[in-house]
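Please build the complete structure, drawing on both the sequences and the hints.
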Amino acid sequence: MDVIFENLPLYWEGFLRTLFLSVVSGIFALILGTLLAAARVSPVAALRGFSTVYVEVLRNTPLTIAFFFAAVVLPRIGVKFEQFEIAAIIALSTYTAAFIAEAVRSGVNSVPVGQAEAARSIGMKFGQVLSLIILPQALRTVIPPLINILIALVKNSSVAGAFFVLELFGYGRQLANANGDAVITVLLGTAFFYLLLTVPLGILANTVERKVAIAR
Amino acid sequence: MTTHVPGDALVSLNAVNKHYGQLHVLKDINLQVRKGEVVVVIGPSGSGKSTLCRAINRLETIEGGTISIDGKVLPEEGKELAQLRADVGMVFQSFNLFAHKTILENVTLGPIKVKGASKAAAEKDAMALLERVGVGHQAPKLPAQLSGGQQQRVAIARALAMKPKVMLFDEPTSALDPEMINEVLDVMVQLAKEGMTMIVVTHEMGFARKAADRVVFMADGQIVEDATPEEFFTNPKSDRAKDFLSKLLTH
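Residue numbers (the working numbering), protein chains in the order written: chain A, 19 to 234; chain B, 10 to 260.
Incorrect hints may appear among the rest.
Label-pair distances were calculated between CB atoms; the ranges are [stated by the list, open to error]: (1) A184(B) <-> A180(A): 36 to 42 Å; (2) D79(B) <-> T225(A): 49 to 55 Å; (3) G145(A) <-> D37(B): 33 to 39 Å; (4) Q154(B) <-> V21(A): 22 to 28 Å; (5) Q154(B) <-> G132(A): 16 to 22 Å; (6) Q92(B) <-> A170(A): 42 to 48 Å; (7) D79(B) <-> S149(A): 27 to 33 Å; (8) A129(B) <-> V71(A): 46 to 52 Å.
Taking lysine-lysine and the DSSO-like style, the derived pairs with C-alpha atoms no more than 27 Å apart in a straight line are [to be verified]: (9) K246(B) <-> K256(B); (10) K81(B) <-> K143(A); (11) K122(B) <-> K88(B); (12) K150(B) <-> K110(B); (13) K88(B) <-> K143(A); (14) K133(B) <-> K143(A); (15) K143(A) <-> K174(B); (16) K246(B) <-> K143(A); (17) K143(A) <-> K128(B); (18) K122(B) <-> K143(A); (19) K174(B) <-> K229(A); (20) K150(B) <-> K128(B); (21) K133(B) <-> K110(B); (22) K219(B) <-> K172(B); (23) K143(A) <-> K124(B); (24) K81(B) <-> K128(B); (25) K256(B) <-> K143(A); (26) K229(A) <-> K36(B); (27) K88(B) <-> K110(B); (28) K122(B) <-> K172(B).
Worth flagging that the hints you see were computed from the coordinates, not collected in a lab.
Cβ coordinates follow ideal geometry from the N, Cα and C atoms, glycine included.
So, in structure tokens, the structure goes:
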């Protein structure tokens, strides 16, 4: 156990960086994912096509490839960053957005078609129907799957450790290398800090789900 | 058979055609509705009457012919269509109140977001409308907390809040328990008396007798008869209508 307490500052720093990566990527992914879902149900064929291709490609390739593109390929074609964190955020948010888009789309499909018809019949335009009537109802029904995706995002952020970003898992690996006699303890400590992020998310999902449920 | 009304038709359908796959649901429909007229559309299920009603504000697209509201041909998409729809009130069989909004918000949303009314003005109008249809005290509740009859009356108020030129009713009482049908019909009769132009698809023959200026009888996608209620119910001309009416009266 000593190895954990002695290295608490390192764990803490890793924890904060993981938190930072997760929160920032989570926000970008939620915005991008919702826009992709909106594009997917829009009357414009080109938007639907783009959204479909985006989701299918990102969802069906490993996260490592997204990281590789962001960290290695982007700088080669001229997109340079000061820190690898930015590459990590790009990779995590573009990858996670594909899953969020699918969840939101399933939520949109769960809203009865009469809701959109009623909104259109009082003269709302497509954007208003979507933002005022459909999405507010759709998002409420998909909170549990959305939180699942965010939990996966927190854990996926550990891949950043392999791309020069010292987050929780990156520090965990450093510590494990430095303390060959206490690898198990070090990894248990790492796992504990991940749980500190993900367990409250699960609890939040339950609470929010109960609070915002819509009676029909 | 259609009666052609010269001049001031508010809603005008000319040679309207529509297919669902192989099924020809609207066959060369011609119908003119004047301002202030109440037209009740009846007919057996599958006769195309709901499709007709929904086509008038383009919730159903049509393949041939034209539909015009107050002289303007229905645009196909976009902003112009939205503007025209704002002038056409629609009441659905399944109410379709916005499930995540309160009763008051259901009625104020259109005036605020579509017409740019101020919140205070929209709420004042909405409360007056809700009082008029008898559900004023339900204003802060959510739709699911109201009975079907109450929800449908709110839906009527929501449509009226846009100050429409014409109101469409697509089987407004078909999803209601029998004891709630009258409270909705009463509101509709009142509306008819006040001079609202109405196109009502319904199975309520009592309403047709009481409030309609004309009864349009549809079968197999065609308008078979177009007559006054008196004429239609006492002296139907077509066999199709006679058959339909005889089936109603046996119960």
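Would you pick out the hints that fail for this structure and give their numbers low to high? Violated hints (numbers, rising): 1, 4, 16, 19, 24, 25 and 26; every other hint is consistent with the structure.
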